[in-house]
Amino acid sequence: DTGVSQNPRHKITKRGQNVTFRCDPISEHNRLYWYRQTLGQGPEFLTYFQNEAQLEKSRLLSDRFSAERPKGSFSTLEIQRTEQGDSAMYLCASSLQQGAGYTFGSGTRLTVV
Amino acid sequence: QKEVEQNSGPLSVPEGAIASLNCTYSDRGSQSFFWYRQYSGKSPELIMFIYSNGDKEDGRFTAQLNKASQYVSLLIRDSQPSDSATYLCAVMNTGFQKLVFGTGTRLLVSP
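These protein sequence lines map, in sequence, to chains A and B. According to this note's numbering, the first sequence is numbered sequentially starting from 811. According to this note's numbering, the second sequence is numbered sequentially starting from 156.
If you're looking for bench data, these hints aren't it; they were derived computationally from the structure. A portion of the hints provided could be inaccurate.
[Unchecked claim] DSS-like, lysine-lysine: derived pairs with alpha carbons at most 27 Å apart: (1) A/K881 x A/K821; (2) A/K821 x B/K222; (3) A/K824 x B/K197; (4) B/K157 x A/K867; (5) B/K197 x B/K157; (6) B/K211 x B/K157; (7) A/K881 x A/K824; (8) A/K867 x A/K881; (9) A/K824 x A/K867; (10) B/K157 x B/K222; (11) B/K211 x A/K867; (12) B/K211 x B/K222.
[Said to hold, decoys possible] Derived coverage of chain A by chain B (criterion: at least 3 residues anywhere in the stretch with Cβ under 8 Å from a Cβ of chain B; other residues may be distant): (13) 849 to 857; (14) 909 to 921.
[Claimed, not checked] Below, a sample of chain B positions facing chain A; criterion: calculated Cβ distance under 7 Å: (15) S185; (16) F189; (17) P199; (18) F204; (19) I205; (20) M247; (21) N248; (22) T249; (23) K253; (24) G259.
Owing to the predicted nature of the structure, the values given are computational and were not obtained by experimental measurement. By construction, the Cβ of each residue, glycine as well, lies at the ideal position given by its N, Cα and C atoms.
Starting from the given sequences, assemble the full structure and let the hints guide the process.
What follows is the structure, given as structure tokens:
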């Protein structure tokens with residue numbers, strides 16, 4: 811396990827559909843983060859987990875967004891009733907300990923048409 | 156005021172020159188500072204981190220931190236065309252909970 815894995819790499823969906831993304835962190839990393847990035851902007855924090863506990867959620871994360879990390883391993887991010895404004899790159903990252911830099915996955919690019 | 160501010164650029168430098176990238180932050184309690192490089196269409200890649208005031212060198216890269224001025228910079232010596240990318244400054248917020256990113260500075264190194 812040499813990095814953070816995200817699937818799918820690309821997702822095109824119709825407005826109103828639900829989508830789910832998966833992130834597999836580096837195996838020994840207990841902290842997992844989700845960020846969203848739009849063109850010309852830096853990554854924006856969405857939520858993070860320490861092991862299986864979701865410790866913080868951004869105000870950006872509306873009720874249509876939900877994230878889970880069962881058993882403290884992989885994580886899923888689900889968006890319900892997608893809107894065109896949800897189109898972005900969704901980045902997952904993990905870190906070994908509090909205060910350490912993150913390793914990012916390749917991201918999932920979502921396009922809502 | 157944004158939490159982390161960077162000039163969006165582009166910053167254009169000729170090959171072999173020193174590129175200087177700057178970042179300011181608003182959370183005076185921040186303790187850890189990171190520079191990420193992001194190529195177009197790719198995810199961010201960690202290149203440097205710094206925790207203490209002063210300079211930290213790693214190869215052609217030098218990170219500089221001045222906590223009193225709430226200022227972080229990244230110097231790239233002997234810039235190469237392959238250094239052309241967006242450089243993201245990231246600050247670990249008080250409590251070490253999460254990284255807050257700037258919007259990034261686009262660097263263009265011309266041959």
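Taking the hints in turn, this is what the structure says about them:
1. A/K881 x A/K821: holds, 26 Å
2. A/K821 x B/K222: Not OK: A/K821 and B/K222 at ~42 Å, beyond 27 Å, violated.
3. A/K824 x B/K197: holds, 24 Å
4. B/K157 x A/K867: Within the cut-off at roughly 19 Å; holds.
5. B/K197 x B/K157: Cα-Cα ~24 Å, so holds.
6. B/K211 x B/K157: OK: B/K211 and B/K157 at ~26 Å, within 27 Å.
7. A/K881 x A/K824: violated, 31 Å
8. A/K867 x A/K881: Between A/K867 and A/K881 the Cα gap is close to 19 Å, so the pair holds against 27 Å.
9. A/K824 x A/K867: Measuring from Cα to Cα gives roughly 26 Å; hence the hint holds.
10. B/K157 x B/K222: Holds, at about 17 Å.
11. B/K211 x A/K867: violated, 33 Å
12. B/K211 x B/K222: holds, 14 Å
13. 849 to 857: holds (count 6)
14. 909 to 921: holds (count 8)
15. S185: violated, 11 Å
16. F189: holds, 5 Å
17. P199: At about 5 Å, which falls below the 7 Å cut-off, the nearest Cβ of chain A leaves the hint on B/P199 intact, so it holds.
18. F204: Given a least distance of 5 Å, the restraint on B/F204 holds.
19. I205: violated, 11 Å
20. M247: This hint holds: B/M247 lies near chain A, its Cβ roughly 6 Å from the closest one there, short of 7 Å.
21. N248: For B/N248, the interface hint is violated, since the closest Cβ of chain A sits about 9 Å away, which is over 7 Å.
22. T249: Violated, about 11 Å.
23. K253: Holds: closest Cβ of chain A sits about 5 Å from B/K253, inside 7 Å.
24. G259: Check passed: Cβ of B/G259 comes within 5 Å of chain A, closer than 7 Å.
When each numbered hint is compared with the structure, violations occur for hints 2, 7, 11, 15, 19, 21 and 22.
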